[in-house]
Every structure is written in C-alpha cells, then in structure tokens.
Amino acid sequence: MRPVSGSYSGVPRWVIALAAVGAAFVLLPLAAMVLRVNWAEFVPLVTSESSVAALLLSLRTSLAATALCVVFGVPMALVLARTDFWGQKILRSLVLLPLVLPPVVGGIALLYTFGRRGLLGQTFGLLGIEIAFSTTAVVIAQTFVALPFLVLSLEGALRTVGTRYEAIGATLGASPTTVLRRITLPLVLPAVLSGAVLSFARALGEFGATLTFAGSLQGTTRTLPLEIYLQRETDPDTAVALSLLLVVVAIVIVTLAHRTGAPFRRTTGADS
Amino acid sequence: MPRTSPSGRVVALIGLAALVLTGCATATPAASTPTPSASAAALDGDITVFAAASLKATFTELAASFEAENPGTTVALNFAGSSDLVTQIIEGAPADVFASADTKNMTKLTDESLAAGDPVDFATNVLEIAVPPGNPAGIVDFADLASPDVKLVVCAPEVPCGSATATVAAAADLTLTPVSEESSVTDVLGKVTSGEADAGLVYVTDVTAAGDAVEGIDFAESAEAVNTYPIVALKDSASADVAQAFVDYITGGAGADVLQTAGFGAP
Chain A
1 MRPVSGSYSG
11 VPRWVIALAA
21 VGAAFVLLPL
31 AAMVLRVNWA
41 EFVPLVTSES
51 SVAALLLSLR
61 TSLAATALCV
71 VFGVPMALVL
81 ARTDFWGQKI
91 LRSLVLLPLV
101 LPPVVGGIAL
111 LYTFGRRGLL
121 GQTFGLLGIE
131 IAFSTTAVVI
141 AQTFVALPFL
151 VLSLEGALRT
161 VGTRYEAIGA
171 TLGASPTTVL
181 RRITLPLVLP
191 AVLSGAVLSF
201 ARALGEFGAT
211 LTFAGSLQGT
221 TRTLPLEIYL
231 QRETDPDTAV
241 ALSLLLVVVA
251 IVIVTLAHRT
261 GAPFRRTTGA
271 DS
Chain B
1 MPRTSPSGRV
11 VALIGLAALV
21 LTGCATATPA
31 ASTPTPSASA
41 AALDGDITVF
51 AAASLKATFT
61 ELAASFEAEN
71 PGTTVALNFA
81 GSSDLVTQII
91 EGAPADVFAS
101 ADTKNMTKLT
111 DESLAAGDPV
121 DFATNVLEIA
131 VPPGNPAGIV
141 DFADLASPDV
151 KLVVCAPEVP
161 CGSATATVAA
171 AADLTLTPVS
181 EESSVTDVLG
191 KVTSGEADAG
201 LVYVTDVTAA
211 GDAVEGIDFA
221 ESAEAVNTYP
231 IVALKDSASA
241 DVAQAFVDYI
251 TGGAGADVLQ
261 TAGFGAP
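Going down the list, the sequences are from chains A and B. Under the numbering used here, think of the first position of the first sequence as 1, with each following residue one higher. Under the numbering used here, think of the first position of the second sequence as 1, with each following residue one higher.
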C-alpha cells in the first residue's frame with residue numbers, strides 16, 4: 001500500500017507473479033515466431049508481388065471498414081447510452097454478438113444475408129450489384145466483426161462522461177443536434193478515435209468471416225491474413241515473415257490506440 | 001461495460017474452463033479406461049491417426065470397425081489439411097499413423113526420418129466439376145469453365161487440389177479465370193453448395209460425400225492429374241504394433257471396400 005504519484009497502487013506480490021505468467025503466455029509465442037523468421041530472405045519475402053497486393057488490400061479494406069464503423073457505430077453507441085427503451089438490454093447483447101461469435105459463423109450469417117441466394121442478395125442482384133467474391137464483401141465482413149469494438153468503447157465513454165453538460169446545454173436552448181455537435185462529440189472524441197483504431201485493428205486481422213463469405217483472390221479478396229493462411233501451405237518462410245509484418249502493424253495500431261485513449265482517461269480522472 | 005457484473009464474468013470463465021477440460025477428457029479416453037490384457041497375440045493399445053481432411057468419412061468408419069475387430073484398441077482421429085498435419089507431426093505432435101492426401105507432404109515426413117517404414121499408397125482421387133443442384137449455369141464439360149460468365153471457384157495453386165487443377169487446365173490448354181482461389185477443397189465446395197459459385201473443381205469423393213447438395217460432372221481431362229494417398233506408421237509410436245495393424249487394415253481388403261464405395265480409386 002504505497003501511493004505512487006498521488007494514486008493508490010498497492011498490488012500484492014502474488015498478483016504481480018500471476019500477471020508475469022500471463023504476460024509471458026502472450027509474449028512467448030510472439031518471440032517464438034520472431035525466432036523462426038528467415039531474416040536473410042525477409043525483405044524479398046514481404047515485398048513479393050502477392051505479399052504487397054495482400055498488404056495494400058488489407059489496408060484499403062480495413063480503412064473502409066473503419067469508416068463504416070464510425071458512421072454507424074457512433075449513432076449506435078449514442079442510442080444505447082443515451083436513450084431508454086423496451087428491449088434495449090437485449091438489443092445491446094445482440095449488437096455486441098460479433099465480438100464472441102466465431103468469425104466463421106459470422107461469415108455464414110453474412111452469406112445468408114448478402115449471398116446470391118441470401119435475404120438481401122437477391123434484391124441486390126436485381127439492382128445489378130454482385131457482392132459475392134468482391135472487395136465489397138471483404139469490407140462487409142470486416143465491418144461486421146469490427147463494429148462492436150467501436151460501439152462498446154464509445155458507449156462506455158458516453159456513460160462515464162455523463163449527461164450533466166448536455167443537460168445544461170439543452171436548458172440554455174441548444175437543439176439536440178447542437179448539443180451532440182458542440183458538447184457530446186468533443187467530450188468523447190478520444191474514445192471515438194481509440195474505438196476507431198481498435199476497429200481498424202480488428203478489421204485488419206479479420207480472417208474467418210472473409211474466408212467464408214468473400215473468397216480468396218489476389219488483389220480482390222485475398223487480404224494479408226488469407227495470404228498468410230495460403231502461403232503456410234507451401235512456403236512457411238513467407239507465412240512467418242508476413243505474420244511478423246502483421247504483428248508489427250498491430251503493435252503500432254495498439255500503441256496508437258493507447259495514445260489517443262490517454263487524454264480521455266485523463267479527463268475522467270482514471271489516469272495517473 | 002458497467003452493466004456487466006463481475007460475478008457473471010467469473011461464471012462464464014468457469015464454464016469456459018469446464019468446456020476446455022471436458023474437451024481434453026474426451027480426447028484421451030485412455031487415461032480413465034484400464035486396458036484389459038488379453039492373450040499375447042491380441043492387439044492392445046491406443047493410437048492417434050493423423051489423416052487428410054478428405055478421408056474424414058471413410059477413416060471414421062474404418063477406425064470404428066478396426067476397434068470392433070480389435071477390442072483392446074482405441075483409435076483417435078485427427079483430420080486436417082495434409083500440410084497442416086505434417087507440420088504438426090514434425091513439430092512433435094503425438095501421432096502414430098499419418099495418411100496424406102498427396103505424396104509431396106508424405107515426402108516431408110520421410111525426409112525428417114519420422115516414418116517407421118516405407119509409405120504405402122492406398123487410394124487415388126481425381127478432380128470433378130461440382131455445380132449447385134440444377135446446374136444454373138448449364139455446365140456440360142471442362143471447356144465451359146473457361147467462359148467469362150461462369151463464376152468458377154478453384155483451389156489455390158499452393159494446395160494439392162489447386163496444383164491438380166493447374167495441371168489439368170494446362171493439359172487441356174485452357175485458361176481458367178476463377179473468381180476465387182480457396183485454400184481447401186472444403187472451402188471450394190462450400191461456395192458451390194451455397195450457390196455463390198456456378199462451378200467448382202473438387203475431388204470426386206467430395207462430390208460423393210456432399211450428396212444432394214451438389215451435382216458432379218466427370219470430365220476426361222481429370223485423368224491428367226491423379227492424386228495418390230500414401231499411409232505410414234510413425235517411428236516414435238508407443239503402440240507400434242497397433243499402428244502397423246491399422247495401416248495394414250487400411251491397405252487391405254476392408255479398407256479398399258470402404259474407400260472405393262466413397263469414390264476413391266485403387267492405387
């Protein structure tokens with residue numbers, strides 16, 4: 001029980017020991033992978049035509065998926081955090097379902113929705129829009145699995161921030177849209193950013209739903225995780241090199257998310 | 001998520017742990033069942049068979065009849081892509097028998113000196129065109145697959161079914177423009193059964209196993225790429241006699257009957 005820079009941080013030794021085991025559990029497999037990297041061939045392996053195509057496709061689709069997550073996720077979080085209606089709890093559970101669903105299940109569900117014979121697929125077909133085997137399918141799969149990350153983190157932030165400032169703004173005559181634009185969104189902007197970064201990271205790692213729903217063709221639907229899965233069949237060196245590349249990108253993103261999340265924690269007093 | 005109670009999370013964790021534990025328990029029934037010691041000649045022991053995914057139906061059936069004929073034995077089965085399995089074995093996975101869907105992956109195993117003897121070929125498989133029921137795109141022969149209007153799904157050249165596809169296409173002097181190159185036959189079949197694709201190239205046995213979900217179209221060019229399935233007992237097996245007996249059972253008459261019913265060819 002010793003105070004560190006004003007905040008309480010008395011962590012028992014046994015908790016630290018367990019935390020160390022947990023950390024080793026996460027870090028050892030990464031270290032084991034790095035040890036297997038064929039460094040002599042690393043650059044040619046990750047700059048091969050198929051690798052670059054997969055990386056660029058992954059970045060492009062993940063960015064598009066993140067944009068969709070922000071466009072739809074921010075309103076979803078607002079509705080969940082600021083309104084009260086019958087069945088809201090159930091709705092929240094359902095919206096967060098993609099977090100716990102095996103991605104393959106998500107892929108099957110998407111197939112039955114947007115597939116050629118799916119719920120909406122036939123309508124799209126009549127309009128001349130073919131989603132199956134297109135880059136659009138990849139973006140849909142990524143958005144599906146990444147959306148809950150943004151909704152979850154933003155909803156938590158909205159509840160923590162509370163409605164005090166919003167209520168004051170409203171009593172001073174601001175319209176709901178003005179309150180949202182001038183008070184709510186600036187307050188939770190860091191959470192929107194960190195949520196978006198998390199969604200991007202999840203979209204980048206998306207594999208199961210894409211494989212099931214979108215297919216796999218170089219430059220069109222074969223994202224980096226799918227390329228790794230395929231290369232592992234014949235060329236483990238390339239698979240390991242690309243895995244490392246993905247891990248590095250993920251680390252950069254997670255660090256970024258922490259940076260953008262930090263100001264938010266400071267305003268709510270949870271940060272030290 | 002302030003609404004989630006901590007106790008709820010703990011319950012979920014315990015449930016998860018229980019699932020994992022029971023999962024392990026069913027995977028190793030040998031731990032709790034004492035094996036009766038019969039006469040010296042009777043086979044006694046537990047083996048784990050690593051077999052190519054395409055052997056799932058046949059090997060499940062054959063393992064059950066092998067166990068029935070040899071009451072002292074249990075056969076645990078692990079099905080996956082051949083290259084996955086061979087990687088796992090080389091990394092030290094406890095397997096007693098390996099059945100590969102191609103000779104290339106078997107060679108990886110023998111190169112590491114992990115096999116107990118020479119692998120024996122026990123089955124062959126050729127490609128067939130799979131189309132959704134009713135054949136919406138009206139595919140008749142192999143040449144139809146090259147039409148730009150046909151949404152064709154094949155295996156990627158990196159995997160065995162994909163290299164067979166490339167061989168067949170080259171022999172027929174046909175340029176295929178698939179909408180997707182999948183990592184496994186199962187994924188190709190999935191795209192056809194769901195109706196997403198107009199046609200897919202899979203193995204004859206996959207079409208047989210899929211039943212009414214797809215229609216198969218034989219084509220003469222498939223003879224250009226015949227896939228051979230070898231099987232071998234592994235050197236480090238703790239039950240070497242059971243492992244070898246299982247290999248003999250698969251390569252023998254009973255094995256041939258079941259495999260040929262499923263659509264496999266004789267080696």
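Since the hints were made in silico from the structure, they are not lab data. Small disclaimer: the values here were computed from a predicted structure and weren't measured. Each residue gets a CB set at the ideal place from its N, CA and C atoms; glycine is no exception. Accuracy of the hints is not assured; some may be wrong.
[Said to hold, decoys possible] In the EDC-like style, the derived pairs of lysine to aspartate or glutamate whose C-alpha atoms are separated by at most 16 Å in a straight line are: (1) B:Lys104 - B:Asp84; (2) B:Lys108 - A:Asp235; (3) B:Lys104 - B:Asp44; (4) B:Lys108 - B:Asp144; (5) B:Lys235 - B:Glu158; (6) B:Lys104 - A:Asp235.
[To be verified] Cβ-Cβ distance ranges computed for the label pairs, FRET-style: (7) A:Asn38 - B:Gln88: 18 to 28 Å; (8) B:Ala213 - A:Leu97: 26 to 36 Å; (9) A:Ala40 - B:Ala166: 22 to 32 Å; (10) A:Met33 - B:Ala213: 31 to 41 Å; (11) A:Leu91 - B:Ala53: 52 to 62 Å.
Ascending list of hint numbers which this structure does not respect: 3, 4, 5, 11
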